[in-house]
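Chemist: The chain contents come next:
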Amino acid sequence: MSPCPRMRATNPGIRGLLVFASLLLCAAPARSESLVADLTTHLIAITTGFTGASVVLFGATDGPGDVVVTVRGPERAMTIRRKDRVAGIWVNTWAVTFNNVPNFYAVAASHPIDEIMSPAAASLYRLGIANLKLEPAAPTSPPVVEAFRDALERKQQQAGLFVNRIGKVDFLGERLFRTTIAFPANVPTGSYLVEVFLVRNKDVVTGQTTPLVVSKVGLDAAVSEFSYRQPGFYGAIAVLTAMVAGWLASLPFRGA
Amino acid sequence: MDIYLPIAGVSLDIFVLVGLGAVVGFLSGVFGVGGGFLLTPLLIFIGVPPTVAVASSANQLVGASVSGVLVHWRRGNVDFKMGYVLLGGGLVGSLLGVWIFTLLKQLGQVELTISICYVLLLGTLGGLMIVESIRTLLRLHRSGAGRRRLHQHNWMHGLPLKARFRRSRLYISALLPIGLGFAVGILSAILGIGGGFVMVPAMIYMLGMPTAVVPGTSLLQIIFVAANVTVLQALTNHTVDAILALVLLVGGVIGARIGSRFGTRLRGEQLRFLLALMVLAVAAKLAFDMVAPPADLYSIAPDKE
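Chains U and C, in that order, are what the protein sequence lines are.
Count along the first sequence from 1, add 6, and you get the number used in the numbering used here.
Count along the second sequence from 1, add 442, and you get the number used in the numbering used here.
Don't read these hints as lab results, they were simulated from the structure.
No false leads were mixed into what you were given.
The calculated label-pair distances, taken between Cβ atoms and stated as ranges, are:
1) Ala136/U with Phe704/C: 54 to 60 Å
2) Pro148/U with Ser741/C: 18 to 24 Å
3) Ser741/C with Pro149/U: 17 to 23 Å
By construction, the Cβ of each residue, glycine as well, lies at the ideal position given by its N, Cα and C atoms.
Starting from the given sequences, assemble the full structure and let the hints guide the process.
Modeler: In structure tokens:
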């Protein structure tokens with residue numbers, strides 16, 4: 007499965023531009039904040055035909071500056087295992103568990119982060135995969151943690167869940183900006199946080215946080231909810247459905 | 443055309459899934475093995491999480507086996523009495539197997555234990571089968587068919603509780619199929635497979651059942667084992683993707699039909715030879731995976747939930 011399949015736009019085009027234009031016309035002069043931003047939608051609905059989605063983030067600043075956007079999925083603990091050769095056979099020997107690993111992480115910026123920010127600021131605001139705060143659950147020696155962390159980042163990138171390519175935040179003039187955030191088909195469900203930072207003189211001036219929910223809807227939501235609420239009943243129905251399907255399938259050949 | 447699988451949480455091409463179901467269904471139609479040993483790794487390969495792959499394979503196996511049993515039954519090729527006796531032993535065996543599995547989990551390295559069990563079991567089984575079938579094929583070739591006895595008589599035929607299995611044309615101790623079911627039950631609980639793989643050769647060689655009756659009878663037993671696994675997985679792990687199972691079934695039943703027609707055209711000896719080859723191929727693949735350097739030393743442990 008490719009990490010970035012063909013995107014189904016959650017109408018980023020027309021609606022995004024309309025909102026963008028209205029912002030341009032009336033909102034900007036009235037604002038006293040130095041940064042305003044919003045998403046074209048706050049819900050990514052996963053339906054049976056879901057193949058990924060993209061969401062447009064747009065906003066305005068009160069003057070020249072750079073903008074950095076991060077998208078962070080819900081956090082959970084993840085265990086990474088390492089294999090070693092024991093008596094000629096490859097066996098899982100080491101394991102390190104990291105707390106607080108985001109399920110999804112992506113960054114976009116108007117210029118490369120290392121050009122517009124000091125390393126200290128990038129680290130403080132956790133901008134970029136290398137600056138994620140991943141702490142091992144049990145005390146482990148730093149070189150070991152380093153190796154396992156690299157593996158975790160690599161695995162997540164292969165799955166398209168850590169996006170290492172820095173996306174492009176486009177400016178329209180000096181103050182209006184927009185960017186498209188792409189989500190792959192295997193995007194985990196949950197509550198996401200979209201953070202927007204205004205950067206000047208190598209440091210963050212201000213920031214804004216916008217929520218984004220990724221959720222199953224319709225039949226998919228019903229099936230997955232049912233499987234958790236009534237597991238025994240769900241299992242029985244799954245078995246019965248399969249039996250009926252098997253029986254039906256043998257019918258057209260009767261007498262053959 | 444992609445379809446989103448609600449429990450697996452991934453989008454996959456519906457035609458790939460149907461095709462996969464068809465291939466596995468074909469095998470189950472020909473040999474009467476469930477095909478879970480093949481389906482599960484293939485599903486993992488195309489991106490389904492391992493826990494979901496195991497549970498959903500069991501679910502689709504229920505449907506595929508029902509369809510297979512019905513087809514064989516219409517040809518008079520199911521020994522229901524034998525099937526139920528095997529199943530009785532199997533259910534008791536799988537209870538013990540689940541207990542052993544939990545014990546192995548506490549000791550750690552359950553995956554490695556499973557792989558080693560598979561390789562030893564399949565390697566031995568496949569080796570014995572292939573030697574036997576080559577010998578039979580050669581003998582038939584030299585002296586012509588028809589002079590072979592149905593089965594050899596040995597100590598097993600001296601056991602008490604003799605019962606008549608009419609379809610199988612056997613008069614043997616009921617302890618034999620009960621014991622076989624019990625042993626396969628243990629194995630299938632530990633290895634997470636329907637057990638047709640072990641059951642089919644054992645029915646042919648240990649019990650001496652006619653090859654034609656074996657697939658249908660084996661599938662009959664698999665229906666119940668797979669249904670049991672599906673419900674248990676749904677209860678404990680919430681990993682049964684019913685949508686995935688249904689899509690696989692669509693391909694599976696087509697494949698099973700073609701497979702069982704193909705199977706009836708083959709002679710018993712040829713069928714056994716092909717089954718032996720398949721068993722050996724899987725054993726070789728597993729052994730290779732254990733010894734060959736992995737592509738990536740690191741892996742993400744599956745979720746515990």
